[in-house]
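**Q** Sequence:
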Amino acid sequence: MQNAVAELTDTDFNNLATYFATQTPVKPQVNPLKTPEQLVEKCDRCHAAPEENQELVVPRIEFHHVRHA
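All residue numbers for the sequence shown refer to our numbering, where the first residue is 64 and numbers rise by one.
Derived from the structure by calculation, the hints contain no laboratory data. In this text, a Cβ means the ideal position worked out from N, Cα and C, and glycines have one as well.
Simulated DEER-style distance windows between Cβ atoms:
1) Glu100 to Asp73: 39 to 47 Å
2) Thr72 to Leu96: 39 to 47 Å
3) Glu70 to Thr98: 35 to 43 Å
4) Leu102 to Thr74: 28 to 36 Å
5) Asn78 to Thr98: 31 to 39 Å
6) Lys105 to Ala80: 19 to 27 Å
7) Ala80 to Glu100: 27 to 35 Å
8) Asp73 to Gln101: 36 to 44 Å
Model the full structure from these sequences, guided by the hints.
**A** Shown next as structure tokens:
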């Protein structure tokens, strides 16, 4: 995340904090449980192998401990 926020100013951070602090929580789905494959699919959109994700600059997570990912 450091690369993603490196150029943000204090004002940017304050604006982000204000935005997220004023969001209304979404009620959970009736059956929120998903399979691991469904959950990983969302992660792979940004954290896929570099050759699959050249336009985004985000770290790969394949070597992270499962608790962190």
